[in-house]
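> Sequence:
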Amino acid sequence: MDSATTGRSPQAVVLPVLSSIAVVVSIPPIILHWKNRNFPATALISWFLISNTFNIINALIWPTDDVDSWWDGQGLCDVETKVMIASYVGIPGTLVSIFRSLASVLDTRRAMLVPSTSQRWRNRLMDISFCVIIPVIAMSTHILYQRSRYLILTISGCVNNFDQSWMSLVLAFIWPPIICLLAAFYCGLTLYRLHKYRSQFGDILNSANSHLNKSRFLRLFFLACVMLWTILPIQAYVVYRNLMYNLPWHPYSWSRLHGPHSPWSTILKIPMHGEVFFDRWISVAAGYVLFILFGCCNDALRLYQSALCLLGLKKCLSGLRTLSQGTSASFTASRAKLLSSRKQSSSTGTTTDSTTSGTTTSSHEDIEKGSAPRQEGSSTKRSHWVTLPRCLLSGTFLSTRETATSDPTFSVPVTTVSTNAWAGTSRSRGSSDFTHAPAGPDAIRVKQVISQESELQV
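For the sequence shown, position 28 (counting from the first letter as 1) is numbered 28 according to my numbering, and the numbering increases by one without interruption.
Derived by calculation from the structure, the hints in this document are not laboratory data. This one's a predicted model, so the numbers in the text were calculated from it and none came from an experiment. We treat Cβ as the ideally placed atom computed from N, Cα and C, and that holds for glycine. Take the hints with a grain of salt, since some may be wrong.
To be verified - Each pair of labels, with its calculated beta carbon distance range: (1) SER207 / GLY312: 41 to 47 angstroms; (2) LEU194 / TRP249: 41 to 47 angstroms; (3) ARG124 / ARG302: 47 to 53 angstroms; (4) VAL239 / ARG302: 42 to 48 angstroms; (5) SER262 / PHE185: 38 to 44 angstroms; (6) SER69 / LEU310: 41 to 47 angstroms.
What the hints assert, rightly or not - List time: in silico DSS-like cross-link candidates among lysine-lysine, alpha-carbon distance up to 27 angstroms: (7) LYS196 / LYS35; (8) LYS82 / LYS196; (9) LYS196 / LYS214.
From just these sequences and the hints, can you work out the full model?
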């Protein structure tokens, strides 16, 4: 037996490996979109997940050109061919739903704080129609133009066989590019509204009743654009090649396709000499694009952190989470304090309570000399970060309480001046009267001290 027939080609090894990785990296994006109730994006990722799964299975079952040893694929290929027919219109349909939803978010003429029940059902019906109903219709009408049961190619596996009649054009070839053109229309509409409302873009997203912020909107829009402008020329090329291959068409006849003497039950096995059918690489590339756009964002990082905690790494990550939460809480407290001080400020001078002079004078003097007061928590903070990598690399995960000292406690003045750098007056804690600040350079010095003091507290 020829070694070229029995040996595996490089593509027979590369395709299942890359498809397996694409399946794994597509899991976080589909979880995130499902949690955000983004059904079109979830359906889009699901189609690519299914296609990559088929790539893995087919490359493992039919890896070589040894046709005599091939399995005929009954049952498996019957399912795969139907699902592939559905995906030809399902993937463009999800792009239509994605672009339509993005365009509706930017539609200020019909914007509503809370959509009505009829609007919600209308949007759901449109999404289900393009993502589910139309693919099911395409799958059910496949038998009308199915020339034979299916084809089996090397590595690529199960492939559809179309009848060389006008029925294949009407029911199969023409619909994917038409749906892609509809998606291109909504893509252009979204681009137009992005340009028109570019200055109010953030405000429109905040007021819209959606689960999108700027980052999610732009990443989802970029994903759909990449998919659309990749699939649209490919679909046009496929239609052109199918027309050239099937011409001249013969008259359509149901009895000729599915009659008692028809070749419908024939299974053709075709060696490909180690080559992969070109459309198998689309789903592989799509999996990596999905991960780049939605597998490296902040939502995905929080998802990974939750997964690591479930795997038993919660103790090692607790120190990092505590520091992160502490920093966020400190920043939030500073912002809240600033907003509170703006409300309490009036239109004249800056005052402080006389009882605070003993506590804050030394800090002010240190700041004016160019050195901030020394804090005892700096050494413990350094030791915490030194011991954290050792905790991550150790065989038995130790608690951060055992490997590091307690969290740093920052010394805060007893009485903090609650004021705003732009405010005229403010009231400190413990003071009940408003007094005018002294005129002259002293007032400028107090304003500088307050600004630097707020930086130390953050």
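> Compare the structure with each hint and give your call.
A quick look at each hint next to the structure:
1. The beta-carbon spacing between SER207 and GLY312, approximately 43 angstroms, falls within the hinted interval of 41 to 47 angstroms.
2. Between LEU194 and TRP249 the beta carbon distance is about 44 angstroms. The supplied range of 41 to 47 angstroms therefore holds.
3. One distance hint, 47 to 53 angstroms for the beta-carbon pair ARG124 and ARG302, is violated here, with the actual separation near 28 angstroms.
4. For VAL239 paired with ARG302, a C-beta distance near 43 angstroms keeps the hint of 42 to 48 angstroms intact.
5. For SER262 paired with PHE185, a C-beta distance near 41 angstroms keeps the hint of 38 to 44 angstroms intact.
6. For SER69 and LEU310, the hinted distance range of 41 to 47 angstroms is satisfied, since their beta carbons lie about 43 angstroms from each other.
7. For the given pair, LYS196 sits about 31 angstroms from LYS35 by alpha-carbon distance, which is inconsistent with the 27 angstroms threshold.
8. Proximity of LYS82 to LYS196 is assessed by CA-CA distance (about 43 angstroms); at most 27 angstroms being required, the pair is judged violated.
9. Pair hint LYS196 plus LYS214 holds up; C-alpha atoms about 16 angstroms apart against a cutoff of 27 angstroms.
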